[in-house]
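Using the sequences provided together with the hints, build the complete structure.
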Amino acid sequence: MTREDFRRELGDAFDSISGSPDPALSDRVRSALVEAPERRGPVWIAALAAAVIAVILVGVLLVGNPLNRGPLVPGGGGSPTPSASPAPAPSPSPSPTPVVQYICGASSSFTGTNPPLSAFVSDVRTGAHSDTGYDRVTIEFKNGQPESIELRPQTDTKFMTDPRGDTVTLAGKVGLKVVIHSADAHTSYSGSKDIKTGAGFTALREVRELGDFEGYVTFGLGLSGTGCYHASILTNPTRLVIDIQTS
1208 MTREDFRREL
1218 GDAFDSISGS
1228 PDPALSDRVR
1238 SALVEAPERR
1248 GPVWIAALAA
1258 AVIAVILVGV
1268 LLVGNPLNRG
1278 PLVPGGGGSP
1288 TPSASPAPAP
1298 SPSPSPTPVV
1308 QYICGASSSF
1318 TGTNPPLSAF
1328 VSDVRTGAHS
1338 DTGYDRVTIE
1348 FKNGQPESIE
1358 LRPQTDTKFM
1368 TDPRGDTVTL
1378 AGKVGLKVVI
1388 HSADAHTSYS
1398 GSKDIKTGAG
1408 FTALREVREL
1418 GDFEGYVTFG
1428 LGLSGTGCYH
1438 ASILTNPTRL
1448 VIDIQTS
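In the numbering used here, the protein residues as written are 1208 to 1454.
These are calculated hints, taken from the structure and not from any lab test.
The C-beta atom is built at its ideal place from N, Cα and C for all residues, glycine as well.
It cannot be assumed that every hint is accurate.
Stated by the list, open to error - With a cut-off of at most 20 Å between alpha-carbon atoms, the simulated SDA-like pairs for lysine to any residue come out as follows:
#	residue 1	residue 2
1	K1403	S1389
2	K1349	V1448
3	K1349	N1321
4	K1400	E1347
5	K1400	T1442
6	K1400	D1373
7	K1349	T1442
8	K1349	G1312
9	K1349	P1322
10	K1384	N1321
Unchecked claim - Across the chosen pairs, the derived CB separations fall in these ranges:
#	residue 1	residue 2	range
11	T1318	T1345	18 to 24 Å
12	Q1361	G1405	19 to 25 Å
13	A1296	D1338	31 to 37 Å
14	T1368	S1397	18 to 24 Å
15	A1406	A1294	23 to 29 Å
16	L1441	A1294	29 to 35 Å
17	H1393	T1339	30 to 36 Å
18	H1336	G1372	30 to 36 Å
19	A1296	G1405	45 to 51 Å
20	F1420	V1448	36 to 42 Å
21	E1421	H1336	22 to 28 Å
22	Q1308	A1406	14 to 20 Å
23	E1357	S1399	19 to 25 Å
24	C1311	K1403	32 to 38 Å
In structure tokens:
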């Protein structure tokens, strides 16, 4: 409806009222109709501005609400801080191989602690270890270390038997005599009394029992080369180990 139509309908309504109207009333109504659009203008604009502000506030609330945010996209945002790599553990250094000290031309001995009344020889065996530089003789005891053991090098391979005193010559060029005190080689040992080595042996040529009499057991070793040796007592089982140097 236009402004003129509205005025016309309103005038018709007043004309239809019975009685003579107040002349001032007609002037006030017309004045109100003329001024009404101008007064409504600012109010109308304010309402529109309020609606726009309300829309903006709703949009801000929707954007700022964390519940309306979508899930984070993998790989988005800043680059992750790289974690420090652990320092590699240092590799343990291999333990140095102990250097074997060989004895050349000198005697050596061992003394047992709380020895048995008689230490029984239970085994005599030989072994070639040329790859590690020695040939080995092992004399094993059944019931513990004897009272004493002596090793006596000699410049030849001639030995005397005990108790008869016969001279025997062993294979090789030099010899090593082993005298065991407070021992017995006949109670627990029934193996060979004369062991001749063969292929694979470089320094050890022969091992022979020279005597088993009145608590003394004697062995003779026929050797090649320098005759240098290293002797030790090992346990579990108790045994005398003699390594003859091959190089």
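These are the hints, each one checked on the structure:
| no. | hint | result |
| --- | --- | --- |
| 1 | K1403 to S1389 | violated (26 Å) |
| 2 | K1349 to V1448 | holds (15 Å) |
| 3 | K1349 to N1321 | holds (15 Å) |
| 4 | K1400 to E1347 | holds (14 Å) |
| 5 | K1400 to T1442 | violated (24 Å) |
| 6 | K1400 to D1373 | holds (16 Å) |
| 7 | K1349 to T1442 | holds (11 Å) |
| 8 | K1349 to G1312 | violated (30 Å) |
| 9 | K1349 to P1322 | holds (12 Å) |
| 10 | K1384 to N1321 | violated (25 Å) |
| 11 | T1318 to T1345: 18 to 24 Å | holds (20 Å) |
| 12 | Q1361 to G1405: 19 to 25 Å | holds (24 Å) |
| 13 | A1296 to D1338: 31 to 37 Å | holds (33 Å) |
| 14 | T1368 to S1397: 18 to 24 Å | holds (19 Å) |
| 15 | A1406 to A1294: 23 to 29 Å | violated (53 Å) |
| 16 | L1441 to A1294: 29 to 35 Å | violated (42 Å) |
| 17 | H1393 to T1339: 30 to 36 Å | holds (33 Å) |
| 18 | H1336 to G1372: 30 to 36 Å | holds (35 Å) |
| 19 | A1296 to G1405: 45 to 51 Å | holds (49 Å) |
| 20 | F1420 to V1448: 36 to 42 Å | violated (25 Å) |
| 21 | E1421 to H1336: 22 to 28 Å | violated (35 Å) |
| 22 | Q1308 to A1406: 14 to 20 Å | violated (29 Å) |
| 23 | E1357 to S1399: 19 to 25 Å | holds (23 Å) |
| 24 | C1311 to K1403: 32 to 38 Å | violated (24 Å) |
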